[in-house]
Amino acid sequence: MPADETRLRITDQDGVTRVEFLDRNILDEASIQRIGEEIGEIIDASSEPKLLISFSNVDHMSSAALGTLITIHHKIRNRSGQLRLADIDPQIKEVFSITKLDRIFTIHEDTASALKSFG
Amino acid sequence: MTASHASPDVQTQPDVVLRLVSDVRYLAGARELVSGVARRMGFSQDSSSHLALAVDEALCNVIRHGYHQEQDKPIWVKIWPLADDGTQGPGVRIVIEDEAEQVDPSVIQGRDLDDIRPGGLGVHIIRQVVDQADYAPRTGRGMSLTLVKRVDGPSALRTRALSNDQERGNSCCGGSGCAPSGDS
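Sequences listed follow chains A and B, in order.
Just so we're aligned: 99 in this note's numbering is position 99 of the first sequence, and the numbers increase by one with no gaps anywhere.
Numbers in this note's numbering are just positions in the second sequence, counted from 1, shifted up by 1000.
Worth flagging that the hints you see were computed from the coordinates, not collected in a lab.
Take the hints with a grain of salt, since some may be wrong.
[What the hints assert, rightly or not] No more than 20 angstroms apart at the CA atoms, straight line, and that leaves these computed lysine to any residue pairs for SDA-like: (1) A:Lys100 <-> B:Asn1164; (2) A:Lys116 <-> A:Leu22; (3) A:Lys93 <-> B:Glu1099; (4) A:Lys100 <-> B:Gly1120; (5) A:Lys93 <-> B:Gln1088; (6) A:Lys116 <-> A:Gln13; (7) A:Lys75 <-> A:Leu8; (8) A:Lys93 <-> B:Val1123; (9) A:Lys93 <-> B:Ser1044; (10) A:Lys100 <-> B:Gln1109; (11) A:Lys100 <-> B:Lys1073; (12) B:Lys1073 <-> A:Ala30; (13) A:Lys100 <-> B:Ala1161; (14) B:Lys1073 <-> B:Glu1099; (15) A:Lys75 <-> A:Gln33; (16) A:Lys93 <-> B:Lys1073; (17) A:Lys100 <-> B:Ser1106; (18) A:Lys100 <-> B:Glu1099; (19) A:Lys93 <-> B:Gly1120.
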């Protein structure tokens, strides 16, 4: 995979940046790092970013990807932004529960309800 | 992935041996194997998924930290059924072995989950979803991780409690979202 090839689909809807993953598996270090950098650039480009990350295409992700999500959460909080996660497979959702990250992230069943929740 | 009967570090032969190279493309196959075997050993769907998750995290750790993303290094996943011994019910023992650099097992630790930062989650996940997880240097070279999980062991009870919580709606995930303390 070329280093500059995006692994994300990014769309803008009513001031909310919606991020979807192109890969079904988010596992390897290079992809995770690239995803973190791309989303970091989106956050840095806005004073109060509103970000919705949809996992609708994702079947599996490693705990390393969770680490990147934590970094994204910190960045958004530091910029007084809002972050929502949606469309998470039940097995992946369970990983959030096991690691207690479901207490940190705002998780919605689907994109529609997540979009409605932005203030 | 190829079948193998090599088992240099244990007294008894495992029922199942999977040899794969350190390429993330094969993780899905390893997960499906472990989950399928666990189901047939009497584990619930949730416990089987958790066991597969533990193996997956362990394999990811070997590939990332042991082999530094090199894709052609060997990893073995060996599975033994555990009989009901009168005090503990039936279960499974899974040993994951590699030929990576040996490390002191005491430095392989998860972290306090209230300390919200990247890293250390994989080991925590593994310890949470199995009854026993022991790292050790292999004879010669490489490391081994022994996972033990009983059908009615402590980790299975945690799984049931978690499932019950989610069924009762105590999970953070809901159609209308939730309001976690750390909303950003």
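Comparing the hints with the structure gives:
| no. | hint | verdict |
| --- | --- | --- |
| 1 | A:Lys100 <-> B:Asn1164 | holds (16 angstroms) |
| 2 | A:Lys116 <-> A:Leu22 | violated (24 angstroms) |
| 3 | A:Lys93 <-> B:Glu1099 | violated (33 angstroms) |
| 4 | A:Lys100 <-> B:Gly1120 | holds (13 angstroms) |
| 5 | A:Lys93 <-> B:Gln1088 | violated (30 angstroms) |
| 6 | A:Lys116 <-> A:Gln13 | holds (11 angstroms) |
| 7 | A:Lys75 <-> A:Leu8 | holds (19 angstroms) |
| 8 | A:Lys93 <-> B:Val1123 | holds (18 angstroms) |
| 9 | A:Lys93 <-> B:Ser1044 | holds (18 angstroms) |
| 10 | A:Lys100 <-> B:Gln1109 | holds (17 angstroms) |
| 11 | A:Lys100 <-> B:Lys1073 | violated (33 angstroms) |
| 12 | B:Lys1073 <-> A:Ala30 | holds (18 angstroms) |
| 13 | A:Lys100 <-> B:Ala1161 | holds (14 angstroms) |
| 14 | B:Lys1073 <-> B:Glu1099 | holds (8 angstroms) |
| 15 | A:Lys75 <-> A:Gln33 | holds (15 angstroms) |
| 16 | A:Lys93 <-> B:Lys1073 | violated (31 angstroms) |
| 17 | A:Lys100 <-> B:Ser1106 | violated (24 angstroms) |
| 18 | A:Lys100 <-> B:Glu1099 | violated (33 angstroms) |
| 19 | A:Lys93 <-> B:Gly1120 | holds (18 angstroms) |
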